[in-house]
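There are 2 protein chains.
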Amino acid sequence: MLTERERFNMAEDRIILDHGAGGAASHRLIKDYIFSKLRNPLLEPLDDSAVLEMGDGIKIAMTTDSYVIDPIFFPGGDIGSLAVYGTVNDLSMQGATPLFLSLAFIIEEGLPLKDLKRIMDSISKAAKEANVDIVTGDTKVVHRGQADKIYINTAGIGKVPKGIEISSHLARPGDLVIINGDIADHGMAVLFSREELDPDIPISSDSAPLNGLVSEILKISDKIHVLKDPTRGGLGSALNEIAQNSNVSIFIYEDRIPIKEEVKAACELLGFDPLYIANEGKCIVIVEEEDADRVLEAMKRHPLGKDSRIIGEIREEYAGKVYMKTKVGGTRIISMLEGEQAPRIC
Amino acid sequence: MLTERERFNMAEDRIILDHGAGGAASHRLIKDYIFSKLRNPLLEPLDDSAVLEMGDGIKIAMTTDSYVIDPIFFPGGDIGSLAVYGTVNDLSMQGATPLFLSLAFIIEEGLPLKDLKRIMDSISKAAKEANVDIVTGDTKVVHRGQADKIYINTAGIGKVPKGIEISSHLARPGDLVIINGDIADHGMAVLFSREELDPDIPISSDSAPLNGLVSEILKISDKIHVLKDPTRGGLGSALNEIAQNSNVSIFIYEDRIPIKEEVKAACELLGFDPLYIANEGKCIVIVEEEDADRVLEAMKRHPLGKDSRIIGEIREEYAGKVYMKTKVGGTRIISMLEGEQAPRIC
Numbered sequence: 001m002l003t004e005r006e007r008f009n010m011a012e013d014r015i016i017l018d019h020g021a022g023g024a025a026s027h028r029l030i031k032d033y034i035f036s037k038l039r040n041p042l043l044e045p046l047d048d049s050a051v052l053e054m055g056d057g058i059k060i061a062m063t064t065d066s067y068v069i070d071p072i073f074f075p076g077g078d079i080g081s082l083a084v085y086g087t088v089n090d091l092s093m094q095g096a097t098p099l100f101l102s103l104a105f106i107i108e109e110g111l112p113l114k115d116l117k118r119i120m121d122s123i124s125k126a127a128k129e130a131n132v133d134i135v136t137g138d139t140k141v142v143h144r145g146q147a148d149k150i151y152i153n154t155a156g157i158g159k160v161p162k163g164i165e166i167s168s169h170l171a172r173p174g175d176l177v178i179i180n181g182d183i184a185d186h187g188m189a190v191l192f193s194r195e196e197l198d199p200d201i202p203i204s205s206d207s208a209p210l211n212g213l214v215s216e217i218l219k220i221s222d223k224i225h226v227l228k229d230p231t232r233g234g235l236g237s238a239l240n241e242i243a244q245n246s247n248v249s250i251f252i253y254e255d256r257i258p259i260k261e262e263v264k265a266a267c268e269l270l271g272f273d274p275l276y277i278a279n280e281g282k283c284i285v286i287v288e289e290e291d292a293d294r295v296l297e298a299m300k301r302h303p304l305g306k307d308s309r310i311i312g313e314i315r316e317e318y319a320g321k322v323y324m325k326t327k328v329g330g331t332r333i334i335s336m337l338e339g340e341q342a343p344r345i346c
Numbered sequence: 347m348l349t350e351r352e353r354f355n356m357a358e359d360r361i362i363l364d365h366g367a368g369g370a371a372s373h374r375l376i377k378d379y380i381f382s383k384l385r386n387p388l389l390e391p392l393d394d395s396a397v398l399e400m401g402d403g404i405k406i407a408m409t410t411d412s413y414v415i416d417p418i419f420f421p422g423g424d425i426g427s428l429a430v431y432g433t434v435n436d437l438s439m440q441g442a443t444p445l446f447l448s449l450a451f452i453i454e455e456g457l458p459l460k461d462l463k464r465i466m467d468s469i470s471k472a473a474k475e476a477n478v479d480i481v482t483g484d485t486k487v488v489h490r491g492q493a494d495k496i497y498i499n500t501a502g503i504g505k506v507p508k509g510i511e512i513s514s515h516l517a518r519p520g521d522l523v524i525i526n527g528d529i530a531d532h533g534m535a536v537l538f539s540r541e542e543l544d545p546d547i548p549i550s551s552d553s554a555p556l557n558g559l560v561s562e563i564l565k566i567s568d569k570i571h572v573l574k575d576p577t578r579g580g581l582g583s584a585l586n587e588i589a590q591n592s593n594v595s596i597f598i599y600e601d602r603i604p605i606k607e608e609v610k611a612a613c614e615l616l617g618f619d620p621l622y623i624a625n626e627g628k629c630i631v632i633v634e635e636e637d638a639d640r641v642l643e644a645m646k647r648h649p650l651g652k653d654s655r656i657i658g659e660i661r662e663e664y665a666g667k668v669y670m671k672t673k674v675g676g677t678r679i680i681s682m683l684e685g686e687q688a689p690r691i692c
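Residue numbers (our numbering), protein chains in the order written: chain A, 1 to 346; chain B, 347 to 692.
Worth flagging that the hints you see were computed from the coordinates, not collected in a lab. There could be a bad hint or two in this list.
[Unchecked claim] Label-pair restraints from in silico Cβ distances:
#: 1; chain 1: A; residue 1: Leu269; chain 2: B; residue 2: Pro507; range: 27 to 37 Å
#: 2; chain 1: A; residue 1: His143; chain 2: B; residue 2: Lys460; range: 18 to 28 Å
#: 3; chain 1: A; residue 1: His143; chain 2: B; residue 2: Ile547; range: 19 to 29 Å
#: 4; chain 1: B; residue 1: Gly676; chain 2: A; residue 2: Arg39; range: 49 to 59 Å
[What the hints assert, rightly or not] Below, a list of computed lysine-lysine pairs in the DSSO-like style, where the Cα atoms sit at most 30 Å apart:
#: 5; chain 1: A; residue 1: Lys114; chain 2: A; residue 2: Lys125
#: 6; chain 1: A; residue 1: Lys162; chain 2: B; residue 2: Lys508
#: 7; chain 1: A; residue 1: Lys117; chain 2: B; residue 2: Lys377
#: 8; chain 1: A; residue 1: Lys159; chain 2: B; residue 2: Lys405
#: 9; chain 1: B; residue 1: Lys667; chain 2: B; residue 2: Lys383
#: 10; chain 1: A; residue 1: Lys37; chain 2: B; residue 2: Lys471
#: 11; chain 1: B; residue 1: Lys508; chain 2: B; residue 2: Lys569
#: 12; chain 1: B; residue 1: Lys460; chain 2: A; residue 2: Lys31
#: 13; chain 1: A; residue 1: Lys59; chain 2: B; residue 2: Lys471
#: 14; chain 1: A; residue 1: Lys37; chain 2: B; residue 2: Lys474
#: 15; chain 1: B; residue 1: Lys405; chain 2: A; residue 2: Lys219
#: 16; chain 1: A; residue 1: Lys59; chain 2: A; residue 2: Lys114
[Stated by the list, open to error] Computed, partial: chain B to chain A, Cβ under 10 Å:
#: 17; residue: Asp359
#: 18; residue: Ala367
#: 19; residue: Ala370
#: 20; residue: Pro417
#: 21; residue: Lys463
Heads up, the beta-carbon is just placed ideally off N, CA and C, and yes, glycines get one too.
Make the full structure from the sequences, and use the hints.
Structure representation (structure tokens):
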């Protein structure tokens, strides 16, 4: 009889890295192998969080993410703060107030205890900053070579305020698209750090908790339809998800998309398109035109939104597609990538 | 500058396998490195689930577990059903009604798609059987050799019925200790399957969802103080946790502890003590003596409780310790193991 490892080595159809990259291959895998087995109305929207009725009119949001980032420490953050902020942000993107997180470690035998200590210090600080409590946890240790240093899963629960209904399915023609600042910082910081490229290029992850910013804009407008953090797959993939889920097209303007000069240069150096590079402190806000200026001003007043800009609009024609007006005046389709440009970015 | 891997290889104080085994080493790690950084009143009880107030008198339980079991398919179950039942059981042990699960995969590049399909079929079936919905998920893929086939994290949410207060801190002197059947099946089934030992010894995991059984006994008694599933670390470690958390002693009788002849023989063959072998469908019920017979009868009527037995009682003296009256008439201390007898059992 074959061992599991022998069967593993002999299989024809296999999981490939692209299946975990948040692009088209991921979406197919999830649709064909996972979603098809679990079909239920709560999972149906496939948003960043599920919204659940707990009785007596109480609605909560729930989300989960595993973090397998390499390296575990990078400029602007580490796997610990990332695991807290990432899950806080997924809850915020549903308009929920993040409250409680679970924390589960899979640790490779041999991890220096001082690395674990540094990660826990970071988790503790991040939870305080994001105003969430870590309420339950789990620790597993696997043999050397059965993980890479440490993987962290955080699941989160938030409370959805009464009257809030925000989802990637709710963009409407005429709405405007806002982003709260420069794109591609996180992915490029991690890549430069992993590959030990020029340490003099000062690129730092944007990893941050977005619940404060979101709470400010929800206070001043009830016409916000979509919130989405463009993480794995970047701005390009996130906009494609919204266009498909809402059955609209999205039209963005290249010259309005904020990006740091050094990040742009780094992307060019490595041949990457910044539209597909992961962000961890960015939020796409899609809002009715009527409220767009008010929302933009409120975002600019927040420390995480100083560089906010309107970058495009929602249209009706060519539903499901994303278009970009380039600087030279042409228009190109921004499609969903098949895989990702670099794995293990979060 | 050293790479992360170089630092990893040079460290003096490191994570060892025992840190993940659910015994004394695990408890020290959690206390010294994790809990100390996260101290908050919700985490304080360190039960299988946290109990959270969501407003308007609604209480929910939340729990998380990562499953890293090897092999991923074993007699009586697989990593998929285990991940569903394990989290359902952790919620049930708080007296909560399990409702919603998250599902997060970390997959090793190269996993046969048919293995993923088989696992998803099992998850789907298990969720139906346990009457829970999987509402949100995540899939990460890591390079070959950075995981072992597949790891699964499930977090879960349940609703705690009004008036229910069950915790490992609530055992009281005079209470009786019941278990719903044979111990050590899961751990021995996994070990025999992993080591490819004699396949003619018919040992099968007891992996099962306990929410049905728990709901039956909560219906007929409001004098149940503790529910606990003796998973990693087995019955011995679980009883030690209860004794310490409740500041009582627990006295059990060897001749009342149900165990299958073949499992006992297998333990003897490998030199293992069945008291420390993991279970995945067992529940320790600690109840006031007055209600013990009614609860026992209700358990026996349930398919997962046919072999239920009273195995001991709670005492006041020697608080924090667990004692066993042996078959030959002596008394021995059942201490908490330092590590585990075998890693990656769940």
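Would the pair Lys159 of chain A and Lys405 of chain B pass a check requiring their Cα atoms to be no farther apart than 30 Å? Since the Cα atoms of Lys159 of chain A and Lys405 of chain B sit roughly 13 Å apart, the hinted pair holds (cutoff 30 Å).
- prompt: In this structure, is the beta-carbon distance linking His143 of chain A and Ile547 of chain B contained in 19 to 29 Å?
  reply: holds (26 Å)
Q: Kindly confirm whether 18 to 28 Å is satisfied by the beta carbon distance between His143 of chain A and Lys460 of chain B.
A: Between His143 of chain A and Lys460 of chain B, where Cβ atoms are some 25 Å apart, the hint holds.
**Item:** chain A contact restraint for Ala370 of chain B - C-beta distance below 10 Å
**Value:** violated (14 Å)
Given the proposed pairing of Lys405 of chain B with Lys219 of chain A, does the C-alpha separation stay at or below 30 Å? holds (27 Å)
query: Under the criterion of a CB-CB separation shorter than 10 Å, is Ala367 of chain B in contact with chain A as hinted?
result: Hint on Ala367 of chain B: holds, closest Cβ of chain A at ~7 Å, below 10 Å.
For Lys59 of chain A and Lys114 of chain A, compute the direct alpha-carbon distance and say whether it is at most 30 Å. Between Lys59 of chain A and Lys114 of chain A the Cα gap is close to 40 Å, so the pair fails against 30 Å, i.e. violated.
*asked:* Less than 10 Å between beta-carbons is the criterion; does Pro417 of chain B satisfy it with respect to chain A?
replied: holds (5 Å)
- Satisfaction of hint between Lys125 of chain A and Lys114 of chain A, Cα-Cα up to 30 Å: Satisfied, since the Cα-Cα distance of roughly 16 Å is no more than 30 Å.
Notebook entry, point to check: Is Lys667 of chain B within 30 Å of Lys383 of chain B, Cα to Cα?
Noted result: With Cα atoms ~28 Å apart, Lys667 of chain B and Lys383 of chain B stay inside 30 Å; holds.
Q.
Lys59 of chain A and Lys471 of chain B were given as a pair; does the straight-line alpha-carbon distance stay at or below 30 Å?
A. holds (27 Å)
### Task
Take a look at whether the Cβ-Cβ distance between Leu269 of chain A and Pro507 of chain B falls inside 27 to 37 Å.
Once the Cβ atoms are compared, 59 Å apart, the range 27 to 37 Å for Pro507 of chain B and Leu269 of chain A is violated.
Checked against the numbered hints listed earlier, the structure breaks hints 1, 16, 19; every other hint is satisfied.
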